[in-house]
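Letter by letter, the chains look like this.
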Amino acid sequence: MSTINQIPIQTAAKRPGAEGNGSAAAIAVENVHKSFGSQKVLNGINLDVKRGETLAVLGRSGTGKSVLLRLIIGLETPDSGSILIHGQDIAGLAIDRMGEIRKKMGFLFQHAALYDSLTVEENVAFPLLHHKKEMSKSDRAVRVKELLAEVGMEAARAKMPSDISGGMQKRVGLARAMALEPDILLLDEPTAGLDPISSGEIDDLVLKLQQEHQVAFIVVTHDLHSAKAIASRLALLDKGNVVIQGSFEDLQKSEIEFVREFLKHS
Amino acid sequence: MIDHSVSAAANMPVLVPEPSTVPVPAALPNKGLITQFLEWFGDLGIFFWNVLRAAVTPPFEFRELFRQLDEIGSMSLPLVALAGAATGIVLSMEARFSLTRFGAKSLLPAAIVFSIIHETGPIITGLVVSGRVGAGIGAELASMKVTEQIDAIEASAVNPYRLLAATRILACILMLPLLTLAADFSGLIMGWVTQALSEPLSFHQFINSGFKGSDFSDFLPPTFKTMVFGLIIGLIACFQGMRTQGGAAGVGRAATSSVVLSSLFVILADVVLVKLIIILFP
Ligand SMILES: Nc1ncnc2c1ncn2[C@@H]1O[C@H](COP(=O)(O)OP(=O)(O)O)[C@@H](O)[C@H]1O
Ligand SMILES: [Mg+2]
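So the sequence lines, in the order shown, correspond to chains X and Z.
Anchor point for the first sequence: position 210 equals 209 in numbering that gives the first Met the number 0, and the numbering is continuous, going up by one each time.
Anchor point for the second sequence: position 143 equals 142 in numbering that gives the first Met the number 0, and the numbering is continuous, going up by one each time.
Hints in this document: simulated from the structure, not taken from any laboratory.
Careful: at least some of the hints might be erroneous.
What the hints assert, rightly or not - Here are the simulated DMTMM-like pairs of lysine to aspartate or glutamate, each with C-alpha atoms no more than 20 Å apart in a straight line:
(1) Lys103(X) with Glu211(X)
(2) Lys238(X) with Asp78(X)
(3) Lys132(X) with Asp69(Z)
(4) Lys144(X) with Asp162(X)
(5) Lys39(X) with Glu29(X)
(6) Lys136(X) with Glu93(Z)
(7) Lys144(X) with Glu133(X)
(8) Lys131(X) with Glu63(Z)
(9) Lys263(X) with Asp249(X)
The following block holds chain Z by itself, in its conformation from the complex:
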């Protein structure tokens, strides 16, 4: 019985205890926030398990995976590059101001490179993608759910966890590090441009002194940690989308809650990941 109730798409009671629990933070009068959160988290766990099981057994949906990679990459790339560039400029200006005050101007390139690659690039990418892709996937799957298209997929003997969720989540996991590199790159370029405007400095010099004292492997963990962000964004957006109820209003709620919850969990995960990276890669 358990197997079945979790298998029959997201309209099953197990996944959707009550229509009104769809936007999680909205409090129900008769249920505590904690209970509601635990229920939501339990359902999320069951959902993840279903997706995982579907993802590792054939048939593999390569066509849909490539479509999603393309879609997620192309819809986020311009935004991520722009956000990265803007943070590069801001960081560069702020760092110049504070480091000059402390008489540590020679550390400027290193400070900029380090903070972009270690923290701002990944987190900005995570948040921008949460907004863009989280809302996109949340709304798309929610509208498919309320118009019975997900049921139609299941009725056609195709597993929607495999076709819809696994492909989107995997695409998010794979795209996030690449998008992070794009954010890092445009951040570094604009960071350098901002410095070069104040005093002459070639890009070569900037990069050379920026990366002095650190080697390539220092930058791998912060970039690859964004795969966890990708997992969070894809998983939450698919989950919120596929459990939607209540027509067009439900679609709006699903999109909103996907964005809110995935950004929130990306930031929370970052706290844990930064600590983990410090412990594991001293």
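Next comes chain X alone, as it looks inside the complex:
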């Protein structure tokens, strides 16, 4: 469980496929396989992310990027392999034990998954209401306002999720994911459906959190430009495997057919 807080921002040119060396990694995915029925989705994935580091996960749609994030937060179970959060294997943990770990993790769903019976404000207040019971009502309101301001959504705070656009829902989802000041944040396409300005603001927010709070990020994105801006490392998935992992320059230099193809079309 020991976490090393003062790791400098990881140098971008980290060796690909770094073997998990125990306690230093906030998230370690070790040789994970996952199938749905006869469909093999992940085929022996290895990844690890330290605090203060951002891993951008790229890949075509349907390659299992969302499944990977869901595995890391324990919403799916791997068929084989293991997932360690701050060095603890999450396999077989009861839901309430897993809950203790999840309190320090934030998750942004690909389709935001806001609670449709609650307002924007109540959505962001939800984790606080359940896990910060000692917080007074007014303190909570202040915190919610702060979070919504971070993602530029204060104006919509009394609206219902069905009354705002998909991109706005994503931003609210991000505010909700940040509510408990997690040290791990898993973002599934945070900038999809956003205009370039908002998208740039989200990138800035990610950079800020990474530097100020040493958050470990995994960001799934299709946006190579944003990946380049925020990520200390990029991983490209294809057919259930990590094809290449490294800095943007490493990807550019790569001779692998799929990588070149992918970059050409991005």
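Once you've looked at the hints, dock chain Z with the ligands against the given chain X.
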């Protein structure tokens, strides 16, 4: 491993063996109806165990429980009262017709009171609530499931068995006896009104002769047995809702199967409960 696979909400393979098994009675070509039913029943048992475990350990979700009590009570009360009133009238007319033929007219109030409180009130309430609340909970949780809201609850480190299922099931268990009393009451009133229209009879007389020869404790078991109906309705609706797959179509299927299965099991449970009550409270 077992613990985990049952813990991670309803999308886990253990709870959802195959998408096509969601509406239970629909037969799969390659699996017998019996196998399918046993699988469904096993999953239901695991689900119940998870809910039970979550319900008895803190944190307790009182806020959500009160919200559900209010919701279930207020959405069913008018329907239950109306259904109770209608059965009161029908029973009253039928009883008058048959008892007059057998020359036992003096037993009329007792027959009406007895059959409403012992059987029709509870079962009508059970069936009306199965329809209203079963569909309501089934559709609500199913739509939360397919839009990943239940996953979002779990990802926020809140146990959905505790927050969503335990509160709804407990609210059903607590509300059913109260709703039954409402059905009984409106049934009795309308039963009396129907009699009074044929021949003068005060409500006081009606009740007095109706309850003659039986005491208050005779009426407790039939009223409290509806807590079992509440358990069945809440459990099946939550289970069908939380294991839903397959988008909007899945939501429709979950609502339908919640209603069908919970009404069916309410009637079946009634058979067992009536027999049990006769044995335990002779
Ligand atoms: N619960 C599930 N049941 C069956 N198949 C699934 C499930 N979740 C994901 N899949 C399949 O896994 C593959 C990868 O999905 P996903 O991770 O969402 O892709 P993406 O990389 O676009 O995020 C898809 O083919 C999808 O159909
Ligand atoms: Mg995805």
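We went through each hint and held it up to the structure:
1. Lys103(X) with Glu211(X): 16 Å, holds
2. Lys238(X) with Asp78(X): 17 Å, holds
3. Lys132(X) with Asp69(Z): 24 Å, violated
4. Lys144(X) with Asp162(X): Holds, at roughly 19 Å.
5. Lys39(X) with Glu29(X): At roughly 17 Å apart (the allowed maximum being 20 Å), Glu29(X) and Lys39(X) satisfy the hint.
6. Lys136(X) with Glu93(Z): Distance ~59 Å between Lys136(X) and Glu93(Z) Cα, so the pair is violated.
7. Lys144(X) with Glu133(X): Measuring from Cα to Cα gives roughly 18 Å; hence the hint holds.
8. Lys131(X) with Glu63(Z): Roughly 17 Å separates the two Cα atoms, so the pair holds.
9. Lys263(X) with Asp249(X): 15 Å, holds
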